[in-house]
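Participant: If you read the sequences in order, they're chains A and B.
Under the numbering used here, the first residue of the first sequence carries the number 1, and numbering increases by one thereafter.
Under the numbering used here, the first residue of the second sequence carries the number 1, and numbering increases by one thereafter.
Some hints could be false.
[What the hints assert, rightly or not] Calculated cross-link-like contacts (lysine to any residue; reagent style SDA-like; alpha-carbon spacing at most 25 Å): (1) B/Lys192 / B/Pro89; (2) B/Lys81 / A/Asp85; (3) B/Lys90 / A/Ala33; (4) B/Lys81 / A/Ile73; (5) B/Lys81 / B/Glu156; (6) B/Lys90 / B/Thr71; (7) B/Lys81 / B/Arg178; (8) B/Lys90 / A/Thr4; (9) B/Lys192 / A/Asp85.
[Claimed, not checked] Residues on chain A that point at chain B, a partial pick, calculated with CB under 7 Å: (10) Pro50; (11) Thr54; (12) Leu71; (13) Arg89; (14) Val90.
It should be emphasised that the hints constitute simulated quantities derived from the structure, not laboratory data.
Every residue gets a Cβ at the ideal spot worked out from N, C-alpha and C, and that includes glycine.
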Amino acid sequence: MSLTLAQVEHIAELARLALTDAEKALYREQLSAILEYAAILQRVDTSMIPPTATVLPLRNIMREDIVQPSLPIEDVLANAPDAADGCFRVTAILEG
Amino acid sequence: MPIYETIIGLEVHAQILTRSKMFCACSADYAGAAPNTHVCPVCMALPGSLPVINRAAVEKTILAGLALHCTIGPEAVFARKNYHYADLPKGYQISQYELPLCHDGWIEIEIPNETGNRVKRIGITRVHLEEDTGKLTHTGGASLVDLNRAGVPLLEIVTEPDMRSPEEAHAYLTMLQRILRYLGVSTADMEKGAMRCEANVSVRPVGQAQFGTKVEVKNLNSFRAVVQALEYEVARQIAVLESGGKVVQVTMGWDEAHGRTVVQRTKESADDYRYFPEPDLPPLVIEPAWVEALAARLPELPDAKTRRFVAELGLHPRDAALLAEDRGIAEYFEAVARESGDAKTAANWITGELFRLMNTATVEIAAVKITPAAFAALMRLVATGQINLNSAKRVFAIMFETGRSPDEIVQELGLAQVSDADVLAAAVAAVVARYPDEAAKYRGGKETLFNWFLGQVMRETRGKGNPAVVRELLAKALKG
Numbered sequence: 001m002s003l004t005l006a007q008v009e010h011i012a013e014l015a016r017l018a019l020t021d022a023e024k025a026l027y028r029e030q031l032s033a034i035l036e037y038a039a040i041l042q043r044v045d046t047s048m049i050p051p052t053a054t055v056l057p058l059r060n061i062m063r064e065d066i067v068q069p070s071l072p073i074e075d076v077l078a079n080a081p082d083a084a085d086g087c088f089r090v091t092a093i094l095e096g
Numbered sequence: 001m002p003i004y005e006t007i008i009g010l011e012v013h014a015q016i017l018t019r020s021k022m023f024c025a026c027s028a029d030y031a032g033a034a035p036n037t038h039v040c041p042v043c044m045a046l047p048g049s050l051p052v053i054n055r056a057a058v059e060k061t062i063l064a065g066l067a068l069h070c071t072i073g074p075e076a077v078f079a080r081k082n083y084h085y086a087d088l089p090k091g092y093q094i095s096q097y098e099l100p101l102c103h104d105g106w107i108e109i110e111i112p113n114e115t116g117n118r119v120k121r122i123g124i125t126r127v128h129l130e131e132d133t134g135k136l137t138h139t140g141g142a143s144l145v146d147l148n149r150a151g152v153p154l155l156e157i158v159t160e161p162d163m164r165s166p167e168e169a170h171a172y173l174t175m176l177q178r179i180l181r182y183l184g185v186s187t188a189d190m191e192k193g194a195m196r197c198e199a200n201v202s203v204r205p206v207g208q209a210q211f212g213t214k215v216e217v218k219n220l221n222s223f224r225a226v227v228q229a230l231e232y233e234v235a236r237q238i239a240v241l242e243s244g245g246k247v248v249q250v251t252m253g254w255d256e257a258h259g260r261t262v263v264q265r266t267k268e269s270a271d272d273y274r275y276f277p278e279p280d281l282p283p284l285v286i287e288p289a290w291v292e293a294l295a296a297r298l299p300e301l302p303d304a305k306t307r308r309f310v311a312e313l314g315l316h317p318r319d320a321a322l323l324a325e326d327r328g329i330a331e332y333f334e335a336v337a338r339e340s341g342d343a344k345t346a347a348n349w350i351t352g353e354l355f356r357l358m359n360t361a362t363v364e365i366a367a368v369k370i371t372p373a374a375f376a377a378l379m380r381l382v383a384t385g386q387i388n389l390n391s392a393k394r395v396f397a398i399m400f401e402t403g404r405s406p407d408e409i410v411q412e413l414g415l416a417q418v419s420d421a422d423v424l425a426a427a428v429a430a431v432v433a434r435y436p437d438e439a440a441k442y443r444g445g446k447e448t449l450f451n452w453f454l455g456q457v458m459r460e461t462r463g464k465g466n467p468a469v470v471r472e473l474l475a476k477a478l479k480g
């Protein structure tokens, strides 16, 4: 089970990673190895095992619908590299 | 040239009315708030912050699911939908994927046709709970991010591809909006972004079993936009097929200004979102007892109310539907009907005078100053002949304006109706004596003059004459 270079580029695009050609080749190998391992796990017969969303014994952990104060705007924007008009200012991204 | 059939499925998002957000205690009521003032470490995805599920949002989702005849649970799991966009700083949206809270339901819509209304059932694939995203404002080279909306609970309701025309899609949205409002689950206000719609549209030649290639249309921000975009897209797809082309599977945006659909850059496919169970949120187990307790809270829905108003109260179906449309109005009507013991007249007054005054003054039912008891008192004044209908309308307008009691207003304006036959007989005699020519014409067979005479007598009594008594006296006097 070997990934194509195009698949590696697609995954990098989804993760917003810019990879060099050398990195693409390296990750192609490493990701393929991970998938090979997953392929081995796929062989286990799980037909009698219900899908498991969590291994913790917790269920139905909820809070009541009560409002607590939010952070002051100074704290909200404290770590923002750039801000304007009370907003985080980021490089323009137009919705695709 | 084949005849084409239209196939439509809708995906609706509606903000859930809760006090706090879906996974944190920030206020969900962000309308009019300054940017980023309803924000905490959870909204900002700061390291170490953890989401906690808002019970009210879960319960309102289940309520919506019950009203849409869905199966609830029994297990529901939140999932991460991974994508990188500045509207959610986590890099994923907490949503639901494999185990939504509600699934496999239906609602019935009514489509008007020549023979009345055609009822059609629309399948509901799923109703799930997720979080809304932040708001981006694009300004030249930069985007401004406001996270007030990020994390507001959002209901997603997906239908089966069961609609066959833009008209049916409109009927479905109308019904869904009405139900969500009745339940108090959402304001479902499309213009304010509290309800948004996306459509999957395809066409196929009639008789073909297989669906055509579907196109997803986004950015449908009003009922009008939904209908226009669907009409446009259906015509476009048929034109493509007619010219020998193929419909390409794409995501389109509705361009309201130019009245057309525009191809959007294709975003991620379902696989690309790499859904997986949200490890920060333990699954929900929806016990039957919980669902039953919620089902007991379900109000009577508009359809059932309409049917009851017709069957039990004898209303005209059109009036019944009009009164059942809004829960507040329906409850007001029932209170007036109960107080007055005359549902039909109450319905006439409400759909007539009250709606007219509410529209003119742009007043909502909750702000109407006339109490059901005062309303009923006015109706009694008319029913017992103490004031006539025209006077009653005047009194009603003053009640609407001031909230004062009808008796007080009637007394103050001296509107009490005159039923005293002696007093009225004098007025009738005066009028008949004043117009001998007309009286002769009437006797000569021009019976339409009767109503004219009636009007003259009413004027003579300054509108206070009891019409029934006047009519009787006038008939006698004119017979001469």
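Participant: If a hint holds in the structure, say so; if it doesn't, say that too.
Facilitator: So, going through the hints one by one against the coordinates:
no.	hint	verdict
1	B/Lys192 / B/Pro89	holds (24 Å)
2	B/Lys81 / A/Asp85	violated (30 Å)
3	B/Lys90 / A/Ala33	violated (28 Å)
4	B/Lys81 / A/Ile73	violated (28 Å)
5	B/Lys81 / B/Glu156	holds (14 Å)
6	B/Lys90 / B/Thr71	violated (31 Å)
7	B/Lys81 / B/Arg178	violated (30 Å)
8	B/Lys90 / A/Thr4	violated (29 Å)
9	B/Lys192 / A/Asp85	holds (22 Å)
10	Pro50	violated (9 Å)
11	Thr54	holds (6 Å)
12	Leu71	holds (5 Å)
13	Arg89	holds (5 Å)
14	Val90	holds (5 Å)
The structure does not agree with the numbered hints 2, 3, 4, 6, 7, 8, 10 stated previously, though it agrees with the rest.
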